[in-house]
Each structure stands twice: as structure tokens, then as C-alpha cells.
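Please model the complete structure; the sequences and the hints are all you need to start from.
Residue numbers (this note's numbering), protein chains in the order written: chain A, 1 to 452; chain B, 453 to 711; chain C, 712 to 1060; chain D, 1061 to 1387; chain E, 1388 to 1780.
No lab work stands behind these hints, which were simulated from the structure alone.
Heads up, a few of these hints could be off.
Simulated restraints on C-beta separations [stated by the list, open to error]:
no. : chain 1 : residue 1 : chain 2 : residue 2 : range
1   : D       : Asp-1260  : B       : Lys-703   : 26 to 32 Å
2   : B       : Asp-483   : E       : Gly-1736  : 50 to 56 Å
3   : C       : Glu-930   : E       : Gln-1534  : 43 to 49 Å
4   : C       : Glu-1054  : E       : Thr-1528  : 34 to 40 Å
5   : C       : Asp-720   : E       : Pro-1472  : 54 to 60 Å
6   : A       : Asp-290   : C       : Glu-719   : 37 to 43 Å
7   : B       : Gly-663   : D       : Lys-1148  : 43 to 49 Å
8   : B       : Asp-483   : D       : Lys-1148  : 45 to 51 Å
9   : E       : Glu-1526  : B       : Val-656   : 56 to 62 Å
10  : C       : Gly-821   : A       : Pro-36    : 50 to 56 Å
11  : A       : Pro-36    : E       : Pro-1472  : 22 to 28 Å
12  : E       : Gly-1736  : A       : Leu-96    : 21 to 27 Å
From the three backbone atoms N, C-alpha and C, an ideal C-beta is built for every residue, glycine too.
Spelled out, the chains give:
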Amino acid sequence: MDSVYQALVDIVGQEHVSNRQEELFIYSYDLGTTEPHRPDYAVIPRTTEEIQEIVKLANKEKVPVVPLGGGLSLAGLAVPFRGGIALDLKRMDSILEVNEKARYAVVECGVSQGQLTSYLERNFPHLTHSEPGAPPTATIAGNVAIHGQGDLAQPYGFNSDMVNGLEIVLPTGEVCKFGSCSIGSGWYTQHPLPDVGLFLGWSGTTGIITKVSIRLFPSKKIRGVGQFVVEDEELVPEIMYKLTHTQMTEDVIAFSQAIPPFASGLQHFTINIVADSEKELEFKHEIVWDDTLGEYIRSGAGGFLGFRSGLQRPQVSKTSDWRKGGGFEYVGAIMPVETYPECYRRGRDISERHDIPYTVLGRCIGAAHAMMFSWTYAFNRADPETIRQAREALHETDDLALELHGTIWKPGLYGQKLVMERLDPNTLNLMKKIKQMLDPNGIMNPGNWEVS
Amino acid sequence: MDIIACIKRVPDTSEADFIKIDPAQRDIEKDRLAFKINNWDEYALEAAVQLKEKLGGTLTAITVGPEDWNEVLRRALAMGADNAIRIDRDVSADDAYTVAVILERVIQRLSYDLVLFGAQSEDFGSGQLGAMVAEMLGIPHATLVTVLEAEEGKVHTQRELEAGTLQSYTIELPALLTVHTGINQPRYISLRGIRSAMQKELQVMALDDPGLSPETLVPMVKLEKLELPPKGKEAELIAGAPEEAAERLAKILKDAGIF
Amino acid sequence: MYELKFNEDECLSCTTQDCLTRCQYMDIDRDTAKAEILKIAHGEDSFVLHDCVTCYACEEYCPVNNHPFYLIVEKQEELDVPPLPRPLIRRGIQTGIPFRGEPDIEEINGQALDMGVFSDLMYLIQGRLFEGLPVISQDPRKMFHYFCQLMYLHYGRTSVIKERLPGIIQTIAKHNVTEVICFHDECYGTYTSYCPAVGIDVPFKAVHLFEFLYNRLNELKDDINPINLKVAYQRPCSSRLSSDKHHFVRGIFELIGAENVEREYVDENALCCGGTIQGQRREGSRKRAADVQKRNIEDMKNAGAEVCVFNCPACYTTLGSMVAKNGIRPVFMSDLCRLAIGEKPAGWR
Amino acid sequence: MSGILVVAEHRNRALANVSYQVLSKGRQLADQAQMELLAVVAGSDVDAYAKELAGWADRVLAVKSDRLEGLLAEPCQKIIAHLIRKIKPKITLMGHSSFAMDMAPSLSVELGIPLATDCIDIFWQNGDILVTRSIYNSKVNATYSFAQSETVLITGRVGEFSVEEGGRQGQIEEIEFDFEEESDYKKFEGYLEAEAGGVDITQAEVLVSVGRGIKDKKNLEMVEELARVLGGVVSCSRPVVDYGWLPSERQVGLSGKTVQPKLYLGLGISGAFQHVVGMKGASIIVAINKDAKAPIFSVANYGIVDDLLKVVPALVNKISELKGKTE
Amino acid sequence: MTLTDYKYGDVIHRCFRCGYCKFPINWMDVNNCPAYARFRMETYSCGGRLWLTRAWLEGEIEWSDHLADILYSCTACKNCEVKCPLSFNIDILNMMIAAKGEMVERGEVPSPVKEFLENIQRQGNPYGTSRAKRGEWMEGTGIEAYQGQEFLYYVGCVGSYDTRGQETARILGKVLQKAGVSFGVLGNDENCDGNEVKNLGEETLFEMLAEENVAQFQGLGVQKIVTLSPHSYNTMKNDYPGFNGEFEVSHYTQLLQGLIRDGGLDVSGGYNATVTYHDPCFLGRWNEEYNAPRAVLKSTPGVQLVEMARNKDGALCCGGGGGNFYIDLLGGSADSPARRRVREACETGANVLAVACPNCLTMLEDAVKAEGLEDKLAVKDIAEIVGEACGIK
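So, in C-alpha cells, the structure goes:
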């Protein structure tokens, strides 16, 4: 009898551990192009205490632990490269608290984006959180752990900037809290205590987030999206600059893609506008469409495609199916907004070279302080050749992002290597020390952010 | 490895609480009953098919019974048997001994390494047939087998004793085993499988094919009468305070030989 | 290669100049109208080319069927006076490019319903009205192979229509259909008005959906329970190309017991849904469209309409939720008919 | 001289219960026919067994041989065949055990004598021996007679015959037996005892089965105690597994296991159809339930309408008392 | 069979495992897939099952008991088809059924599935109870055998054999008698409808049942059928026409809705309770009948209807579909869908959980007991509620 298996059964119960081929198969796969690696166990804990026990066991037995939420990173961040325990956290799915007045929610690490959205809609309709473009199965905690952004990125920045506090199980098994919650003062702020935040962006290599306090924001009664189109990609940075100047938009995205044909060669903007009344809405319409974008309409350089009430969740998984192939992966990078035209053109080239219909998108972060630019490559899951093509295109795009002075977001192993090659040696050294201090046995999501 | 599996057809009486006995007290009325392959025989067949799949060879299914019984042979064919033989005979007055005589005659004319039986039948449950045939054939046997592994020329088996104890044997072939439930999970036979087995050939033998005649087949155990077991419809209620009721129940259980 | 049949003499001898004087979006007197239409005919620039909202109405107003609207659009293209900003035009033109494989051609001998580009609205053609009727263009993936292209009139691009339409007609003809019932009256207008006007052959007979519905309802007359609803009809621009079929609207309403409310913007005076107006290149288009929509809906409300009936999916998309917000139920004509024969329409909310 | 020969079995240093049962039955049949009762026991060290058997038998034949370490069918068959040939008993009687199932049929063929197995009754009628067997899922009883034969071979159903007081002092004869050269075509490799921990309720003779009426997990303790005194195992109905109070391997019923124990004691089980199909094959069903209308009472042989939490402790006491008397 | 021979070999890889299939319509919970709700391993999600099926057919993983359990834990509730945003969603269940079909042909199915199917082969019902006892439920009701009456009242296996199902079958019979409906039943001659058999992947057996039933119905001159179970309703309405069996099939709630509306059934006796209604999958998502049962409840005086958070096409399955009321691969836990569902029902404040399916009735009633909610929540079939309202004890 496998003693680690038995110990895991003792911790979480028989039904919540598996070492059978079916679970090991499923948890070996990322949804993108990363090669699968089988874990030795799949475990679905329910409590922080169980996770502590699992981590302690893993330290004792020198078994890797690979935490995952929705498992939707696409960059292979939850692939068990060195085997070990695939720790699916989705059973930890309680919404613990919503503080209406201070506008925050405390959730367990398995709470999905969709679950919080629906909970707020039903119970606090005037509050919302920044929802990423991922399918609603993505988790809040997983998203902040990789510095995700959502549909409130334009006014408020990265989702990880909205974290008010965290509860972490350290790689050695201790539980730590960060932010005001750590002194028992509620979960309303991460500042102003000394900054020990060593967990966001580390892709689960420094600990397991078990609870998150996330900021909520006003949700207005009318939420809708307007569309605007230009032909000349050079116009995109200035339009983003002008739109953010209005301070009347909520999410500003520009995209272009080969399929469907209408979007090819054009730059479409989707611009979210919210209001509590028709009057407020019309006021914002005037400022945005007539006053700010009017000049492009009159010159014939830009066109208004209308405004629809109701925010629709983008169903990104459809992108995966353009080639009836069921798969896609993208490079997302945080780029200066001014690089949009170059990102678009060079991205198109890469796609065309690899025989993949191009799909690019830039989402404005803050007042055009930066954008998340994504280059998406679809592949056919049933055709290894297309997977290889996509993988090559992704690597070239990682190179491109850095060449254009961008920073790769949630990089996979290849991107991590590129980033670490460029990192300031002192920073790299500090990262190494931190990692060694927190995870002396190197059990946490090994393979990722490994400073050699 | 050439295997022979001997199987039979039984009425499904597990759910039938309406069983009636014919006036002559010789048989039960069967017109409302469904029929099936004997449960233990299904395990024997599965064991045979698994051995065949692993080691190659042929599998022959044999039954002794009237034409209706072809259905269990079809099932065997659908499951993976290569040949099916039915010795045509009304077995209602036979005992295990007479059937054993018939089977021995048929089997000894075939080439085989291993003969499998179900450990017992659902209807009469005497559990005699396999070991009788083995003795007649002069080959070693083991009954109530729950573990079976084969290699060239021999089988490793475990047979089940009481209280979960197993008895382990290595037996040289040819040999005969009677198979107990739990040895495997008999596969499901889909209707499509049964229908395609309808196309396969079934060999029907008359009693004189292996040189037997009805006169030679005299049962050693003779049925005198059938009757329904005496049974009250409702539970006999034991009244009284907990202590009294418990005392009475304890006595009943003791009298019933429970402890 | 295809040339518009336009006869300048008809305009010269015209006494009404209805084409432009009746325009609901430009205020033009008879003299100006004559001068401008002739300028246009001669290939000269005219404010009309710039200010036209492309509502198709002048096609109907012209008493001699001289195709003033087709003329305007041709000249917009010739003189490079696009009604929309260039990105919208490019976007629109690219929209009609099929990208999901070739259509499966099933031969149908006789009558069939053509969904055109609206294959995703198959749910609208259920029930006894459409029972037994073969349908072409059922598969949304192939819908652009059946796209009648007439939408490009709004984009000032007749060249695109002329380039693509013959192929589309060929695709439909491959189904070996003799009578094509057009789900959308834009398709009907294409095959019965535009094609003859520019000389494109149509090897099948096009049937207007309303005429079909009218006839089917007559067959099912015994099953009709009057719906007793006050109804306003949102007339789409393309219906201007088939004004001879417009009377079926009233015919259908009578059959199903719908009360056609008395209102200002009805029949020839119908207002555009605003869909094409809001994106136009001119200053204030967004507000102008909003104003047209507001007037239209106010008019329906004042007339006491309970239901707004659509035939055009584009009108429905633009106005549907707006009328609903004003307490008027939006519904497609076929669904309204299904209601009358006791069926539960899929789109009836 | 003809008599009745009982073949006794032993394992794990004790005579099998069923041997006492058939011995008692054999005693009764011998007395009725005024015959001698013989018992045979074979093994490497049988003195204690022989002594025990002498409490019932007039004569005990103790066959001693190192070859009999494992009580295997083949050597035993040789011994019994030899003895039957020599003694010519009217009846040879054994328990219907796994051992008997392996040996009795071959023995009957070897000797050409009739065999009736798994009998629930054995009785004299006009000087002939008759047996009753339970057939068709216990739904029918069949009575059989035997063809003319010096000896008939009968195996009796486990638990079917009650153990009577012996109280005799029979003679013990030690028998020498010469085995032929051992053949190696069938090689005994040893015994494998059941793994500790794993419980197979389908194999249990006595099941004490609990349902929702048990109310709380802590009450399982008294039920375990009852099972212990009855020499049985605790099984349960679906809800108890749902609660996580017992593992699913203990569940009886449609989605659990089908059991056919001798005794099925249902505690707080209402007897839903899904449950009943899994246990109605039990020989004796006893139901204890507060609800007099619970359907289980229509399948049970005996019932007590009361709170099981009150009855069970009382039952444990009474059974312990009665057991104390026997032992 | 390999992936190339598999009917859906060219689409099954298209599942991205985005996970929409796990949600109800409003994303409030990722637990609207009954199997995933119960086990929470990704393998048990719809996407997990599709990926595993593909891996199995491609030889990447071996058949195992566990794999079979995973596939058969699908209750065919259709939540995934309703929620999946991709165009192949219409075939998701067919992909599962085809994979189960492959297991059936190989004979490698979970043992309760084997038992289920063999029992149907032998006795025409999943319980394996004798055919000769099928009609016992109607003893003493005065319900007539079908001999040309207007309706054939088809009871189905659960209504014929399950104790609780039998009660419902009897009450519905009495309600129909009271309303003066002309109907008859088949009694011991009734056979399994085959709906579950089809969903378990035993296609040939299903075809045989459908053919036999159609022939029997036609032989008796049946034109209209009213069913107790939505499962029978579904297959007779949607599958039997493929066997030339064109009958006017209604679920009993549809018939009752009309009878009450037209005054044919007097429910003025009323039923005083706060009721929440659980949509059975084969009436709801499979046939989009959400209204009739609610209309019946609303027209019963005294009934105050409240909705659970997940309802209509977002309803959580009781876990009994796809044969699981019998094979029960989802039971045994507080996470079992039926137990989740009764807790949800309790949250509405209702004291009666109304169902319109005998499978749901038994599943949910057991769950109420398991949750210890007997004092708070009674599970009642709508037939029982109507029965009480029209004075039938």
C-alpha cells in the first residue's frame, strides 16, 4: 500500500483522493499546448487545516504540491511537471463575508468568478467585482495569484491590486494572514502594515492561498457596451488615451482577428459604459461618442456601431473552436499602450507564418498606464502538428513581447526563462532567497519560477 | 488452452412469491416464470472466456436439456464461446448423477485442458455435478473456486472455505473446477451480441450420440414430493416490555441454532 | 457589367418629385428636388448624396418606378460620398464573406423557404404555418452563401452587390427551387426589384413571406382564434421595394383579429428603425437616430399599441428592447400568426 | 453391522459447528432406528476431537496421519471410502460444508452410492431414509428417497440441525491408514485467512442490520455488541451509509449487497422495497421497529414493535445469559 | 472500437473543458452537473467525461471499473447541453451514450448497470421483479384494463414496482377516474418504456422495447397515451415515432392542467401548503415543459408556489436519471445531488417539495430522510397534491 496515498486518505477521506489513471490523466493536462505530466495523486481538500496537513506530509515525503483553482491559466501553470499532488481547490467554495459598506468580499480559494458574480447579483446588486475574461469557472484566488485583470481594469487596475488581505498556507505548513485581517481588524485593507506580500504573481510557488479578501466596486443599474471601429491601428493608442481621459468608461478593449471576416484588418473597440439613469447614460454617451470620438466619425476614420445594454460574458472558449479544434493558448503581456500598432502587426505576422488565424486584443489598464495585450493561437487538439505550430508561435510571441519592452503576464516555463534571463541579478537573487526561505524542500509547484 | 464450460438454464424464482406446485407434487408451475442462465455458470463462463482471451484456445459450452435451453448456449456464444453443444434430454426427472453420466460421456470424447462448472445451481442447489464428473473422468478437481490463474499445463486456484478462509492449490491439467461467485465480474451480454449469436451454429446431440440410452440413466436420488415450506404471512410479533420481548427472541434465536 | 435602368426623361417630366419632397429626413421643396435629382443623374455632387439616411423610401415614393434610391447609392459610390465611415463600410463588406465551408446543396423540387442570412432564426419558422415546407439556408455556418447582399445599399456599395449577387442566386438555384419564399423582404426586394433594375437574371419565382402567411392562414382559417391585440407594424426599409405586397400586412391582421392601430408613421410614412442612421458619417447621427426612434415609439404608444410587429431582424435588434421597455411587446409577424392558430410562438415573451 | 457414520470436520483447532449439528441429528436417527452411531475424525492430532465426539457417538474412529495436516478432500476421500467399504453404514452423514462439497460427490461416484446434499431434514419412513431439501430460492421443499444402496451419503445444511446434549462416553478407536504414493497432480499450497478489517457481509451467517432508526452513530456501539454475541456482523440500509456511519461495503439492498444469512436481524429498518430485495433470502428475518406498519414486518418471521434502543441492550443481556448456559 | 470508428470521433476533441457545463443558468454554483456535484473531481465533470472517453478510445487509458463508473455517473440531465456555448453541444449526451454503448457491447459496464439491463431483458423492469407482479399496484382500485378507452395510462417501471411509485400510480388513477377520463392500463402486459435503457447505451435492447411497445399499442388501437413518468413521456414522444409509433403522448401534468382549466376536475378541496416544485429533467430540459406542472399547482387552492434558486432549465437533477435511481452511482454522501436539492428546497421556506416524476419522488424522499428534514419538508407528487385537493384519500 502506498503510504503517501494512505496518509492523504487519512487527511481528506477516501473520496477526495485518487491515484487512479482517470484522475491522473485529467489532472496531467493543461488546456493549452503544454505537454502533460502525470501527478501521482489528485486531492480535493475542503479546509485550510487539511491543506496544512497535506503540505506537511508533502514536506516530509518530499512530494511536490501543485495547487489549482479553475485550471484555466492555459500557460501550463498547474501542470505537475515533477509529479506529486495535484491539489484541486474548488471544493473550498464558501463566500465567507461581503462587507457592503466597505465594499469587499472574503472568499475561500475555490470560489469561482461566476459564483461571486451571481451571489452579488442576487444579494448585493449595487456591488460588483472585476471579472476576468476567463470562463466563469475560473477562481478568484487563482486569478489574483497570477496577477489577473478583469472588466474593471480600466478604472481600477489589476485584480491583484484589489486584494485586501490573504490567508496563506506556507510551503512548510503554517497558516499566515496578510493585511488588516492579520491583526484581527477585519479584511478591509492590505496596507499599511509592513509589506510581506510574497505570494501574488508567484503562481503558487511560495504558498497556497486559502482565503482572499477582494475589493468590490459600485455596480450601476445600467451597464452596457458600445462598439467603435477604426481601420488604422496607429489610432488606437490615442483613442485609448482620449477615452481614459473622459473617466466615463469601465472597460476599454481593442481587438482584431482574422475570423470572423468582419473583424479582419480592423480595430474594434468595446467600451463599457455604466450609469444609474438614462440621463446619466445619455450624458456619458455624449461625452464619449459625440465629443471624444466625434472627430473620427466626421473624418470617416472611425465608426460607431451602437450601444447595447447588458454586459455579456465573453465566451472565450469559442475562440478555441474556430478551427473545430477545441484548443487555444495565448501570450498575454503587459505592454505600453503606444506599442499597440506594433503588437498588432507583428502578431499578425507570427500568426500568418504559422498558418493560424490571428487573434489579438489589448485591454486598457488604468488610465492607459498600460495594456494587457494578448496574442491568441488556436490549435486542433486532435492534430499534433497544429499544437506544435501554436507552441512555436507562442514562443516567438514571448520573445516579441520582451523585444517591444513588455513584460510577460503569467508566463509559462519558456516565458519565465526569458524573463529571468533579463531580470536584474540582485532581484533574481532576492527571489531565490525568498523561495529558499519559504519553500526549503522545493515542493511548491516545482518547475515554475525556479531561479537556478 | 481448450476449455469446456458446462451450463444450465434455471427459472428466476428470486422474486416469485406466487410459486405453485403441480397437483402431482412433482414440479412447480413454470408458465409465469422467466428463465435465465444459472448464476454460478455465468461466472464459470466468464472465467473461461477470460482464460481464452489471455491464453488462446477454444471454448466449448455444453448443456443437457430440452430445446428451450439453447438460449443459455446462445448467451455463451455471445460471451465468447466457439462451440456450443446441447444434449437433447428432458432432465426434469434426472438427478446430478444421471446428468454427470451424460456429461462425462460427451466430454471424454472432446479434447480439453480444463472443464469449468458453476459451483451449484440456483434451482436445486445440490452442488454435486462438477465433482462427480471429475471423478468419472478421473481428473483432479477443486470446487468453490474464487481465484483462478492459469499457466502452461497447470492452474493456480483458491477455493473458498467458511469465514473468509481460502484454500490454495496448484493443479495440473487436465482438471475440472467449479466456480464460485465473486471470482470475476461476468460481462454484460448485449442484445446485439445475443442476436448475432443467433447466427452461430449449435450442435445438438441425441442421447445415443455418445452411446447412451434412457434405460442406462437411472437416478440414484428420487423425488418423492414437492411442497411449499410452511410459512406464516406476517411476522410473528413478540409482544411485551423490552426485557420480555428480548428474552423471548433470544430463546427463539437459540432454538433456531443461531448461537 | 450590370447597369441600372434609370430613365432621366421620367424625372424631367415628373410633376411631383415625390422621391425627395416626401423624404422624411430631408426637407426639400419640389424645385430643389428636381434640380438635385438631375444633378445626381448627371454624376454631379449633391447634398442629397451626403444627407441621405439610406432608408429606401424614395424607391416607393417614385410614381414611375424609376429607381431614385438605387441611383443615389450608385452615385454615392461613383463620387466617393460614402454614407458611413470607411471602417464601418469595410467591416460591412467583410461581414458577408462566407468563412465556414461550402453549402450542402440539397435538391428541392418546388417550393422552399429561404432563410437568407438569418439561419439562426430557424426557431421562428415552426408550427403548422411552415409544416412540410423545405428550408434552404438552415445552417448558420453557411448562411453567407445565401446572403442577398442588398444591405450594401446602406453602405453605398452597389458594386459589392453586383459582384456577389449572381453567385448567391446561383447557389439558391442549385437547390432546384421553383418558388422561393423569402423569409426576409430584403431578399424578396433583391429578387423582384433590384435584380430587374440592374438586369440580373433570377431563375426562380420569389414569394413574399406575408403573401405566403396570408395564404396559409386562409387555409387554417378554421383554427384561428382572433388575438384581439392592438398592433403597430414596424415597416422595414426593404419593404419599400415591394410596396405591392404591403397590403398583406392589413390582410393578415384582419385574418388574425389584430387591430392595426391608427398612427402617424404608418405605411408610406413609416419611420426607419434607426439602425443605419446612428452610424452615419455626418455630425449628430447618433442623436438623430435616437430622435427618430423616440418619435416612432412615442407614436406607437400614443396609438395604444400593445404589440409591435416586425419582419426585419435588424429592426427587431435595434428597436425590440426599446419598445419592450415602453410596455409594447415586440414580436415577429410569423409568431403573431402562430399565436392566432393556438400555437405557442418561440419568440413570444 | 450397519449404523450411521458421521464424518466430523475440524479447522483452526476446533471441531466445526456443523459437525456438532449433524452429530446430534445422527444420534437422533440412530436412536430412532436403534443403530450404532459412529463418528470419524481424521487429522494429524485428533485426540481431543475424538474425545469430544465420544460425547455423542457410540464409537469414534480416529484416523491419525501427518498427511492429514490440512483436512484435504483427496486423502479424506480415500479414508472415508475405505471406512464405508469396511463398515457399510446405512447412512454416511456430513455437514454441507465447503469440505463436503469438494469431497462428497466424488466419494459417491467412487463408491457408486447415492448422494443428497444440503438437506434440511433427514428422517426415517417405513424403515427407509428420506431427506428434505430446500429448493428454488427456499420457496419449495422437496422430499427425496434413495435408490437401493448399502449406504447413502447425506450432507446436512449448516445451521439446520440443533445441537443436542451428548452426554455419552463412546469408545475411541485409533485407525491406521496406509496412503498410497502421493501424486502431485493436485498440490495443496496452504490456507489464506481473511484479511483483518475487511468485512464481507455476504459471507456472514448472522447479520445485525441497522437502518435510520439507529438515530445516531454512537448507538452503533450497542449494535456491534449484539452482533458480537450473535457471532455476526453489522450491516445496514442505505441511509446509514449516506450518513457515513458505516462504509458502503456494509450496505444491504439493491445498491448494496444481496445477502442470504441464516439470521437477518433488522433494527430500525422500515423495509423499503430496495432494501428488502437484498435480504429476503435470509433464512430467518427478525425485525425490530417502532412503526408497526413498517413493511419489513411482512417479510420478517419475527417482529418486535418497540424502540430498538430499548430492546437491543436487553437482547444482548439475554443472549449472553443463554450462551453462558450452553458453554 | 477506436476513435476513428466512434461516431463522434471528429467532434469529441472540441471540448475545451471551459466548465460552463457545470453551472446553472445564473452561475450561482458550479454544482449543477449532478456527477460533478457529488464527486468534485474534474473527471466527473461533463468535460472530464468527454476527455476521458477520447483518451479511452485512443488507447491512452485503459478501461477500468472506475472509468465505467465515471461515464455511468452521468444522469443524462442535459444541463451540459443547455449550458455549453459551443455548436457541438447538441451532441454531448449522444457522445456519452455512444461511449456507454461501446462499454455495453464490450460487456464492460458497472455491475448495477449489468443487473439493470439483464433484469429488463428478463423481466421487463430494472428491479428484476417478476413480470407477473407488474400489475399488482392497481389491486383494489377498479382501474380497468386497456380495451379501446380514450387514453392508455402508461405507468412505467417505477410506478409499477416501487412502493412509493405505486402509491402515486394509484392516486393518479383515482384522479383520472374522478375526472371521468376514459382510460385503461396494461397491467402485467405493460413492458419497460426503454428511456433509461437508451441512456445506458443498450441501443439494441432499447430498439426491441420500442418496437414491441409500439406493436402492442398499435395492436390495441391506442391513440392517446398519458404517462406517469416523464421518462416514459420523453421516449414515447420523441423516440417512438422513429419506430412508426405516432401517438398523442402527454405527461399527466399536461392532462391535469387541461382538466382543471376546463372544469373537468374539481380541486376546490384545496391543498394548504407552501410548495416548491422540482423540475424533472425529462419533462423540463428534455421537453421544455416547465409550465404545466406549475399551472396545476397554481390552480390548486391553498397552494403557495415558491421557486428554488435553481429552477426550470437551471434546475439541479435529483441524481436519478440515466438509470441512476437504480444504479445509484451518486448516492452515499451529503454531496449527493438529491440531498443538495432537498436542502435547496428547504431554503425556500416551503413545507412541500412537489415533484412530477416517480424517480424524483423516491430519490428526493430518501434524501429528505437522510438530511433529517422529515419535520420540515414533505415530498409529494403533484398527483398526490391534486388527489388530496379533489378529495381522494
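Checked hints:
| no. | hint | result |
| --- | --- | --- |
| 1 | D:Asp-1260 with B:Lys-703: 26 to 32 Å | holds (29 Å) |
| 2 | B:Asp-483 with E:Gly-1736: 50 to 56 Å | holds (55 Å) |
| 3 | C:Glu-930 with E:Gln-1534: 43 to 49 Å | violated (38 Å) |
| 4 | C:Glu-1054 with E:Thr-1528: 34 to 40 Å | holds (37 Å) |
| 5 | C:Asp-720 with E:Pro-1472: 54 to 60 Å | holds (58 Å) |
| 6 | A:Asp-290 with C:Glu-719: 37 to 43 Å | holds (40 Å) |
| 7 | B:Gly-663 with D:Lys-1148: 43 to 49 Å | violated (33 Å) |
| 8 | B:Asp-483 with D:Lys-1148: 45 to 51 Å | holds (46 Å) |
| 9 | E:Glu-1526 with B:Val-656: 56 to 62 Å | violated (44 Å) |
| 10 | C:Gly-821 with A:Pro-36: 50 to 56 Å | holds (55 Å) |
| 11 | A:Pro-36 with E:Pro-1472: 22 to 28 Å | holds (25 Å) |
| 12 | E:Gly-1736 with A:Leu-96: 21 to 27 Å | holds (24 Å) |
Checked against the numbered hints listed earlier, the structure breaks hints 3, 7 and 9; every other hint is satisfied.
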